[in-house]
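Chains as they are written, first to last, in numbering that gives the first Met the number 0: chain H, 0 to 119; chain P, 0 to 119.
Treat the hints with care, as some may be off.
Intra- or inter-copy, both count: the list cannot distinguish identical chains.
Claimed, not checked - Lysine to any residue pairs mimicking SDA-like chemistry, simulated, CA-CA at most 20 Å apart: (1) 64 / 8; (2) 4 / 82; (3) 4 / 45; (4) 4 / 95; (5) 64 / 47; (6) 4 / 81; (7) 4 / 16; (8) 64 / 82; (9) 4 / 51; (10) 4 / 37; (11) 64 / 24; (12) 4 / 77; (13) 4 / 17; (14) 64 / 111; (15) 4 / 28; (16) 64 / 89; (17) 4 / 79; (18) 64 / 99; (19) 4 / 14; (20) 4 / 47; (21) 64 / 12; (22) 64 / 29; (23) 64 / 80; (24) 64 / 96.
Since the hints were made in silico from the structure, they are not lab data. This one's a predicted model, so the numbers in the text were calculated from it and none came from an experiment.
Protein chains: 2
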Amino acid sequence: MASPKPRLQLRVRFGSEHSLGMGKVQLLEAVDELGSISAAARSMNMAYRHAWELIDDLNRCFGEKVVSTASGGSRGGGAELTALGHELVARFRDMEARAREALADDLAALDRRARGGDER
Amino acid sequence: MASPKPRLQLRVRFGSEHSLGMGKVQLLEAVDELGSISAAARSMNMAYRHAWELIDDLNRCFGEKVVSTASGGSRGGGAELTALGHELVARFRDMEARAREALADDLAALDRRARGGDER
C-alpha cells in the first residue's frame, strides 16, 4: 500500500502571540461557505468558543475584523468574511501553492527516504 | 515599539501519523550540539520522555534511526545524529530558507497589514 506523499504546511507567526496557519484558514473558508461561525465550528468538530477565539486572534493580530457578524435576525448570528478575511485566505492558499512548488524536489526526496524505510 | 517581522514556519506531514517541523529539528540540533538526548531535552525545557517520543517518531517515519545512542559508558547515554539525522536537519533548514525567500513579498505584505492595525 502506497503511503500518501508528504504534505507541506505553512504557519506565519506574528511575534509570540499571533499566528496564521492552515487551521485558521480552513475555519475562515468554512465560515465563508456556511455563513455562520457556529456551523463552521460544527463542520470542523470544534467548540464554538474555540472557533471564536481563533477568529478573535486574527482580529487582534490585524487590528481589524476578519469576520463580520449579524447578531440576532432570522439567521440568528449569520457571519461572513470581511475583505481582510478574504484577502488572508487567498494569500495563504497562494503562498502554500508556491512553497509546495518551490520545494517539490525536497518533498520528493523526503518521500523517497520515508518509503525506503517503511515500505521498500 | 516595532513588533517583530512575521516569521514563516514549515511542517512536513507524512500521512496522518508522522511529521517533521521546527520543534523536532531544533531537538536534533540540540542533540548534535550537546551529545545527549537528556541534555537536549533539558535545554528545551522538555521532558526526556517527550524528546524521546519525538525522535522515535522520526525513526519510525523513516524506518531508520536519526539519533544513535551509546547506552552506559562514561557519558551514561551519549547520543549523536546519524547521517540521516544530519541530512534531515540540513534539508529542513534549507527548505525553510528558500521558502522564506520565495514568500518574502507576502510576509512583507502581511507585516504591513498587521502593523496597519496594531501600531499605525
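Item to check | Hints the structure fails to honour | outcome: Of the numbered hints, 1, 2, 3, 6, 9, 10, 12, 15, 17, 18, 20 and 24 do not hold.
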